[in-house]
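Sequences and hints are given; from them, build the entire structure.
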Amino acid sequence: MSEIKPEGRAAVADSSEEQDWAAAKAFFDSLKTKVPRPPKPQFAVTIAVSSRTLFNMVAERKIYEEEGVEKYVAFQVEHEDEPLSPGPAFPFVKALMNVNSRLRQLYPDSEELFDIVLMTNNHAQVGVRLINSINHYGLTIERFCMTGGQSPIGYLKAYMTNLYLSKDSEKVTDAIEEEIAAATMFMRQSETELSDTQLRVAFDGDAVLFSDESEIIVKQHGLDTFFEHEKKFENKPLAQGPLKCFLEALGKLQRKFYAKNERMNCPIRTFLVTARSAASSGARVLKTLRSWGLEIDEALFLAGAPKGPLLQKIKPHIFFDDQMFHIEGAKELGTISAHVPYGIGQKYNRGKLIEEPAEKK
Amino acid sequence: MVSVVLNTDVKQEDAGNAVVVAVTSRALFESGLEDDDAGVWKLSLAFPLLQAVQKVNDCLLEKNPAESLLLDVLLITTDSQHQKLSSLLISSTKHHGLGVGKFCFASEETFVDSLLENNVQLFLSTNKDEVQTASQKGVPSAMLEARKKDSSVSCQREDLRVWLDEDLISLRDSASEPGSRHSPQRFLAKLGEIRQRFSVSDSPLWISLVILHGSRENCGKRLKTLRSLGVSVDDVYCLAGAPSEPLLSVLQPHFRFNCCFMD
Chain A
1 MSEIKPEGRA AVADSSEEQD WAAAKAFFDS LKTKVPRPPK PQFAVTIAVS SRTLFNMVAE
61 RKIYEEEGVE KYVAFQVEHE DEPLSPGPAF PFVKALMNVN SRLRQLYPDS EELFDIVLMT
121 NNHAQVGVRL INSINHYGLT IERFCMTGGQ SPIGYLKAYM TNLYLSKDSE KVTDAIEEEI
181 AAATMFMRQS ETELSDTQLR VAFDGDAVLF SDESEIIVKQ HGLDTFFEHE KKFENKPLAQ
241 GPLKCFLEAL GKLQRKFYAK NERMNCPIRT FLVTARSAAS SGARVLKTLR SWGLEIDEAL
301 FLAGAPKGPL LQKIKPHIFF DDQMFHIEGA KELGTISAHV PYGIGQKYNR GKLIEEPAEK
361 K
Chain B
1 MVSVVLNTDV KQEDAGNAVV VAVTSRALFE SGLEDDDAGV WKLSLAFPLL QAVQKVNDCL
61 LEKNPAESLL LDVLLITTDS QHQKLSSLLI SSTKHHGLGV GKFCFASEET FVDSLLENNV
121 QLFLSTNKDE VQTASQKGVP SAMLEARKKD SSVSCQREDL RVWLDEDLIS LRDSASEPGS
181 RHSPQRFLAK LGEIRQRFSV SDSPLWISLV ILHGSRENCG KRLKTLRSLG VSVDDVYCLA
241 GAPSEPLLSV LQPHFRFNCC FMD
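Line by line, the protein sequences are chains A and B. Counting from 1, position 68 in the first sequence corresponds to residue 68 in this note's numbering; the numbering is continuous, with no gaps. Counting from 1, position 248 in the second sequence corresponds to residue 248 in this note's numbering; the numbering is continuous, with no gaps.
These are computed hints drawn from the structure, not numbers from a lab. Idealized CB from N, CA, C, for every residue including glycine. One or more of the hints may lead you astray.
Covered stretches of chain B (in silico footprint by chain A; criterion: 3 or more residues with CB under 8 angstroms from a CB of chain A, positions within the stretch not fixed) [what the hints assert, rightly or not]:
1) 98-109
2) 190-202
3) 207-215
4) 218-230
5) 247-259
And the structure:
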């Protein structure tokens, strides 16, 4: 099986690394309560979630902002036996755990699993409450990085992160600049029930899976030019976007289920939800995916229609889009959304360019 | 023959409350390479540590000029070759203006006894065997880390960065003598006390806890154990067997101390 990590690690592992791995393996295997052993990071799909995406810390955040870090830490310590309530990434994490148990059943010795890491710049003393909360929900998170105020960016690479989710858009932007897939999570405004047997991930196309090259054309030259351009270059693959590697990693895990005849019962399903229209600009997208050797389970071309209602039907555990306009729409109708701050869409959303017609392709 | 010499260039600290940190001469000086002009040795790996220790002391004294809980550095020779070069060691130290309070000239056979006699609470060396020997005899010991030039961590380079870890491999390999467990705890308690002199976000001493092999449960327990010793750790990393080298490069600790947590 080829490696899931985009940067290939040296085939010959360092002996001290192997020793560390063996010691941890022995430790987990010896535990009386069977805690699933975390996978070897080199082979796993590592998802780093921040504390505020995993748990709802809105009230605590307010204390931090209004009263300062000392009071905030003291508050957390005082309440450390009270579990926090779930945050926006919580359903996603539960869905990842479910995929892992299915994978472990089919491939008991494989390290190709999801590796969930709590990546926060919280102070270590807040860690006790976070650990207690993780215990409370029985989440399989054994790896943490609580940096005590330092930016987590340097640590993302140290933990071989494939995807980073945070509520802090600055950190997310920094991560994307470091070529780590990342997105800013938003709490949804209403609760719709999500699948507990299948991980469902929805992606926007341009500036998420693909580069923003086509979006630039729309913004600068308008829709008609865009349509012409896309038809003309139908057979030229688009360049890749920040979340392409994550889709690729999902695809590799999906194929493990297909290999065991579990295609109909696969616990991972991927969706493309794009404002492109099938007739005029859709072909290029599908051909690009094909040229990358990637499959997407469902491709939905909206031809400019709002994404919110469709996402309501899809019910993904997470929906990635580069435009806040779509994120807002999705959120309002109960979809957990994650903003990918990449590409030309950012300049327009922040109103730097005054003239802004509604984003239509 | 062991002898202790005071460094007259440095103000001697109150023996009762000071935390004595011993550093080996081989870690501090590049022997054999003489600075042509002054005829003294060049500085080696342990120099950043001494600078960081100095910063901690300066900050402590700034907060309280009468502070007695300071870090007191003892330079110790651990082999007979260096033991004979006492005057060169003293002159090199003075030349570089290093904050070394005392010198102790010992050999391979006698250095551990010297450490114990001088109430050393932390022994730092670049020699793994020395660290292991001292540790087994009950002197809290740690390997000094080489510091890399480029680091993505944005904190001030002069802060004293301490890495405490739970290393199940070392725990298994080294059997320490009974009754020697108290010393690491005492050292940690003192370290914690120093840390408490500063606020959460503004401290010249930075303590990281790294759980190399254990689980989340271990992590929670260690945080609480350290807290009960009065050590408020700044950041914590639970690796569960993931490679520690990348983390080491990011954190850049001055030394790594195996906490030998015994359940």
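Do the hints match the structure? See the list:
With 0 residues having a Cβ less than 8 angstroms from any Cβ of chain A, the region 98-109 of chain B misses the three-residue criterion, and the hint is violated. With 3 residues carrying a beta carbon less than 8 angstroms from a beta carbon of chain A, the region 190-202 of chain B meets the three-residue requirement, and the given coverage holds. Here's how the region 207-215 of chain B fares: 6 of its residues keep a CB closer than 8 angstroms to some CB of chain A, so the rule of at least three is met and the hint holds. Under the rule that three or more residues need a Cβ within less than 8 angstroms of chain A, the assignment of the region 218-230 of chain B holds, with 5 such residues.
Interface restraint, the region 247-259 of chain B with chain A: holds (3 residues with C-beta to C-beta distance below 8 angstroms; minimum three).
Consistency with the previously given hints fails for number 1 only.
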